[in-house]
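J.: One letter stands for each residue in the lines below.
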Amino acid sequence: MSARTRLLAIATCAAALCAFAGTAAAQVEDQVSVYTGENAKGYLEPLSKAIGADLTSAVWTTAYIPEEDAFHLSFETRVVGLIFGDDMRTFTATTEGGFSPETTEEVPTVIGDGDAIIVQGNGSSSFAFPGGFDVNSFTLAVPQLRIGSYKGTEAMIRYFAVNTGDVDIGDISLYGFGVHHSISQYMGPDFPMELAAGVFYQKLQVGDDLMDATAYSFGVQASRRYPAGFAIFEPYGSLAVDMFSMDVAYESDTESVDISYDTDTSVDFTVGLNLHAAFFHLNGEYSISGQNTFAFGFGLGF
Amino acid sequence: MRRKLTLAVALLLVGLALSGSDCIFEQKVVQLVVTGSTCVDFEEDHQTDNWTTPETYDVADELDAILSDNGIDKDQVIDAEIISVTYEVIDPPAHDWTLSGTITVEYDSGPQTIVNYTNQTLSEIDGVPKYADLNDAGVDEMHGAIDAYLADMSPLVTFRVENGDVDPDPSSVDPIQFTWRACLKIYVVVEDEYDWPDVFRG
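If you read the protein sequences in the order shown, they are chains W and B. Under the working numbering, the first residue of the first sequence carries the number 1, and numbering increases by one thereafter. Under the working numbering, the first residue of the second sequence carries the number 1001, and numbering increases by one thereafter.
Think of the hints as simulated: they come from the structure by calculation, not from any bench. From a predicted model like this one, the values you see are computed outputs, not experimental measurements. All residues carry an ideal CB built from backbone N, CA and C; glycine is no exception. Treat the hints with care, since some could be wrong.
To be verified - In silico DSBU-like links for lysine-lysine, alpha-carbon gap of 30 Å or less:
id: 1; chain 1: W; residue 1: 151; chain 2: B; residue 2: 1074
id: 2; chain 1: B; residue 1: 1074; chain 2: B; residue 2: 1028
id: 3; chain 1: W; residue 1: 41; chain 2: W; residue 2: 203
id: 4; chain 1: B; residue 1: 1130; chain 2: W; residue 2: 41
id: 5; chain 1: W; residue 1: 151; chain 2: W; residue 2: 203
To be verified - Quick partial rundown of chain W residues pointing at chain B, CB under 10 Å, derived from the structure:
id: 6; residue: 97
id: 7; residue: 99
id: 8; residue: 115
id: 9; residue: 126
id: 10; residue: 157
id: 11; residue: 161
Turn these sequences into a full structure, and let the hints steer you where they fit.
T.: Here you go:
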């Protein structure tokens, strides 16, 4: 597959992810419904890590913010992916539902192997732990709009919403808002690079309360632009502190289950490259954090 | 400027639409697990210690209900077995009694004991399900009926309360009258295929 074809495929998949999200959420809810308490938390933990890492990656991909007070608008999409480590494919679960004797077993998480694990108990009884969805990576695509600038400051909005068509799941929505301010404007014209600082808030909701995730990212970015013919190459780096929390609520086979993941705080170091050509913008980056991610982005703007 | 931007956005959207067939979806197979409970009620009204209360149980009806509740087709099921059995009083007697006996299950090899209850006070299980110690023979008998259902037969199972002792002794003046319920918790393993959009797949 050529690079161009792959890029288009990624872009299409990014769009398709919105439509797919409802189906995926329904499948995950079905699968986790046999679990309660710590089992449910352990089963879903890789998903929590992945969503947190994906939401807080590829937020600000340049430190360049025009200093003059002129209108700039850029419509962009970020496609952020995370490759799961092997240690995230299993967790230690305990039998439920009055199964005797109580047994602990290493079983698949939501991203683990697809086969169910069955353990034998007293009196020919047995217990089945569900399989995972056997996925190696998790990708999130988010559309965003960047608007600027006023006194070296720009704002960014992320938003998408999809009606899953599933009454049990409901709507899926993501919204985010942040501001980004140029620091290098105060450093004088001889300062060798652009510097900026930004803060970004995001909320991802599935249904009324099936999943409710909140992410904050505070960071500084450095970049420098290198014109080359009709294009501009712009390497960049950033250092950010990310905070992510997630609550999940669903009906198990026997009871209502509420899971709350503690706020996860991590430091995120990113290197990346932007390519600007007229109104078209591309970028790619790699982030080293609690969960390493890589991202592609494309956008149109002036 | 605005016109150029509108045109560019339109071209991008068209590009996305045209490249739909190249999208990287990977087909996966996952073994889903659902659980469900199915129950049998026994209405008791006796004047002696020893009694037998039979109840017929249609395995197909009960398992069809579990599958239907979870939106599962029977063709997808690859395994179904018993996790546990509970019993509880759902309509209590006028005063407390202590019972000993067995619950048997009969499908195709004669009645087999699935649960023993010994010195069980009814007040202890009044509205509170108690997990039973299971017997291999009875559970295997029930698994035979479940297997028959999965093989497209329509098995009927008879559960029987075979009570052996009651304290205090019931009589015509003080008959033992109550209703209790035995529930089987069953898991069902289902194989399902789905497409996962793995855009970074190599």
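J.: Could you tell me which of the numbered hints above are not met by this structure, giving the numbers in increasing order?
T.: 1, 10, 11
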